[in-house]
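Participant: Sequence order for the protein chains is A and B.
The numbering of the first sequence is the working numbering, which starts it at 1 and goes up by one.
The numbering of the second sequence is the working numbering, which starts it at 1001 and goes up by one.
Quick caveat, the hints were computed from the structure, so don't treat them as lab data.
Since we're looking at a predicted model, the values are computed, not measured.
Be aware that one or more of the hints could be misleading.
Sample of chain B residues facing chain A (criterion: CB under 10 Å; computed from the structure) [claimed, not checked]:
1) F1088
2) C1089
3) F1100
Glycine residues also receive a C-beta, built at the ideal position from the N, C-alpha and C atoms.
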Amino acid sequence: DAGVTQSPTHLIKTRGQHVTLRCSPISGHKSVSWYQQVLGQGPQFIFQYYEKEERGRGNFPDRFSARQFPNYSSELNVNALLLGDSALYLCASSPTVGGGYTFGSGTRLTVV
Amino acid sequence: GQQVMQIPQYQHVQEGEDFTTYCNSSTTLSNIQWYKQRPGGHPVFLIQLVKSGEVKKQKRLTFQFGEAKKNSSLHITATQTTDVGTYFCAGGGSNYKLTFGKGTLLTVNP
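So that you can see chain B by itself, here it is in the shape it has in the complex (with noise of 0.2 Å):
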């Protein structure tokens, strides 16, 4: 079955550092999704990404999804304490079943 894996599992960055976070799905996927969770919360959606190639941006947040639609990238520009959390990516497939990877925690020192 489809597999998602993300890396890294855990990041702690100095506030003002920036951050990246990767995802691989073993198929092609129809699009992508990004998520954040905070500490005890329940997951809060971020984008979709649909197209090959498909770059978006939210303010300091920029995500990217892969030419083959395998792979995608979340990068935040200098952290803040605010973006502590997990962030997962989410691989949407033709059966309407979205798979998450494990996450990244990303922790942040003032």
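Chain A on its own, in the form it takes in the complex (with noise of 0.2 Å):
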């Protein structure tokens, strides 16, 4: 079985752009969760969510947003961007929420 696959890998960004980073979970996780990691700190959550509906949101801004797809794949919209915008941008799936997650290898997001 395939692991959680993230789309693209890297990505170079010019500040005001937006930005769209896509996940497909592992076959069968029904949750999707979204993090912005930066250097040398723990992974932020973003939003998830779950059998297509927004279950939880963390403290960023509306310039953020997020959808899940019916076949659970999910895409990651950020508009404005941001110098501060530049992370890596994780996607984790779970069978349902609240379980342990696995990650996927995430994007690296550069916002110049």
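The task is to assemble the complex, starting from two chains supplied on their own in separate frames and drawing on the hints.
Facilitator: Written out as structure tokens, the structure is:
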């Protein structure tokens, strides 16, 4: 079975641009969460989706949005990029909410 | 909001020595999870503890969840070079949100 796959692996964007990050969970996993990890810190919770509904949202501005599709894959969108959005964006999936999560390898976003 | 503090921030040991990292939450947790992240890698799930006072073992790793469900610890016996990485605790609240600590970076001198 494939693990959690994220695309792209690396991305360079300019301030003010928009970015879409994609995630495919492990087959059968209905919960997808997004995290932002800056160097030297623990992952910070952005969103959780379960059965295509938003179940949780972290302390991120409205520039961050996400959705989950009928096949349980997910997209994270970030508008009006700031330099401070540069980070590793991690997607994690779980069979249910609240369980242990399997993380993808992440998307390294650099905003210049 | 919920905060999860983890100490120490760094720990360097000689191979064969023991290692412990501690995690404290500002609020009562529904569960605590532990992850390991190798340099340049992504977090890998180790274990989830749910019950007050719970103790679980995985080979040389021992995980504890405090009686008040606000603290936890990870103890590694006789460290090996393969144990190198950052160990994160993550507290689960009632709102499905996982709050990660800042992690403890473990380095092992062979």
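Participant: Each of the hints needs a verdict: does it hold here or not?
Facilitator: Against the structure, the hints:
| no. | hint | in the structure |
| --- | --- | --- |
| 1 | F1088 | 5 Å, holds |
| 2 | C1089 | 9 Å, holds |
| 3 | F1100 | 3 Å, holds |
No hint from the list above goes unmet by this structure.
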